[in-house]
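Colleague: Residue-level listing of the chains:
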Amino acid sequence: MRQFLILILISISICSCTKSPTILVKTNGEQVQISDSIEKNKELEDFISPYRERIQEEMSAVLSYTPKAMFKSDAQLNTPLGNMMSDAVLEMANPIFEKRTGHKIDVVILNYGGIRSGINAGEVTTRTAYNIMPFENEVAVAELASEELKALVNYLVKNKVAHPIAGLQITLNAEGLLKEVKVNGEHIQNKSYYVATSDYLIKGGDHMEFFKKSKSVHSLDYKLRNLFIDYFKKKDTIAPKQDNRFTKLEN
Amino acid sequence: MKRSKFIKTTGAATTFTAVGGIGLLSAFQSKPFTKHLTILHTNDVHSHIDPFPENDSKYPDLGGVSRRYSYIQKVKAENPNTLILDAGDSFQGTPYFNFYGGELEFKLMSKMGYHASTIGNHEFDNGIDNIAAQLEYADFDMLNANYDLKNTILYGLVKSHQIYEVDGLTIGVFALGIELDGLVSKDLYKETKYLDPVEIAQEQIKILKQDLNCDIVICLSHLGYSYKSDKIDDLKLAAQTKDIDLIIGGHTHTFLDKPTAIENAEGKIVLVNQVGWAGINVGRIDFYFDDKELKEQKSLVMQV
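Those protein sequence lines, which keep their order, are chains A and B. Residue 1 is where the first sequence starts when you use the numbering used here, and the numbers rise one by one after that. Residue 1001 is where the second sequence starts when you use the numbering used here, and the numbers rise one by one after that.
If you're looking for bench data, these hints aren't it; they were derived computationally from the structure. There could be a bad hint or two in this list.
Derived CB-CB ranges, DEER-like [to be verified]:
(1) A/Thr171 with B/Glu1203: 55 to 61 Å
(2) A/Val161 with B/Glu1266: 43 to 49 Å
(3) A/Ala151 with B/Ala1261: 43 to 49 Å
(4) A/Gly118 with B/Leu1212: 48 to 54 Å
Straight-line C-alpha distance at most 25 Å; calculated BS3-like pairs for lysine-lysine [what the hints assert, rightly or not]:
(5) A/Lys99 with A/Lys223
(6) A/Lys40 with B/Lys1076
(7) B/Lys1058 with A/Lys68
(8) B/Lys1190 with A/Lys212
(9) A/Lys150 with A/Lys213
(10) A/Lys42 with B/Lys1074
(11) A/Lys26 with B/Lys1074
(12) A/Lys233 with A/Lys104
(13) A/Lys158 with B/Lys1228
(14) B/Lys1190 with A/Lys215
(15) A/Lys26 with B/Lys1242
(16) A/Lys42 with B/Lys1111
(17) A/Lys215 with B/Lys1186
In this text the structure is predicted, and so the values were computed from the model without any measurement. Note that beta-carbon positions come from the ideal geometry of N, C-alpha and C, so glycine has one too.
For reference, chain A alone in the conformation it holds in the complex:
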């Protein structure tokens, strides 16, 4: 009798200790959209709210004014928005670079893909700077030999995208081939050129391979977003225009 009892106990314990003898029999997958049909959880809203208010307070500070909305798709080859950005880099970064190195920035190039939003007409706020430049990239100045500057020009000619540029005047013929290029009004000479850009592009972003052959790179330790904020603070009104820095001749 006693033996029998032990036997039962053992068999039960084996049964309950072995891994669950379950097997997958059915799978169901769906995607649920998080829309206004779902009520907001109040506890979480209350937790977020001080963080949100602090941001809104700072973001809504009015820095400048623009009479007209601008978007990166406004025009081909060069746009008011892109021109404003590259001109801002030249204007704000050049004094710092000159003071530190004794050289002047000849050319600025940013990337079209890096313009993360347009600017609406009206007040320009800190939020505007965050919208157009949400990333933490910094201004860097690369020293390029004339061959690499020509490669930069060829990159622009080949891509025909309105990457923001300053200091260059590029004219394409009606076939889209390079007709003339000047750097601040002069033909490219056999010397070093100082090209201000973002550290993202220096490190190989957007396949700007010419930066890999830079003779030297000088980091300004100045975030592009902060540069735009400082530029907006300096200007009462922002009213950039499309101009002749990168154009294509008509037939």
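We have chain A already, so just place chain B on it with the hints.
Modeller: Leaving out everything else, chain B in the frame of chain A:
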């Protein structure tokens, strides 16, 4: 470190079926499956704590964590056996990240009850030291198996995999990250070494399936859904391996109407899912289990 976490102790009905046989089970006709596991998942939320503005041209008034949390709570009320997972890039994209460096993202994921997340490329945006600093606010597991972090500050803070015990089921979760070179600058990821995702996946699967006897193996992947080139992606990973049940993907911000079913190296089905980005959607995968004895009468049904 605790190897397994219990998200729910076994309920009375399921304990019963574990000891009982078919005869006993048949009394439970109203409960057609012995066990039911729900997976909720997000990817590439990119600091979208608030919904998109109502005048947004693409996603007006969609997303937002406090709505997501309500949905999570609703699902957990229906099925407490729920795991909540994220496939990386919770950082970067709104001023919440610029201001607070990811602190709020991790605090909110903790409050919502996430179990695990992985390291996306944008987690490195403020440097690897910042990931370590923000992990202080994470009550969930940060997983990655194919970054060698030995010589970095993240060593010991990130696990290659984690086991979750859910309703008596053993769920193994491991994670894979994308190659950082060319995507993130070296000064941000420092001494992080990228290892081959397929080789590492095979190692992890062996541990989870053979050594630890997992019922379900899930891979959190920040590799991307699909590339035309040879670059490794979730679809290739699914086809080249075996014993993964579900790949929860990210990085490519891919919107899928339903999970993609891929045949693995053994001819079995792997589900690959991704739900866009910015917390616009939550993915939901339900796994239903029965006792082995009952299996003869049923074939695997996939409603995806």
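Colleague: Tell me the hint numbers this structure goes against, listed in increasing order.
Modeller: Hint check: nothing fails, all pass.
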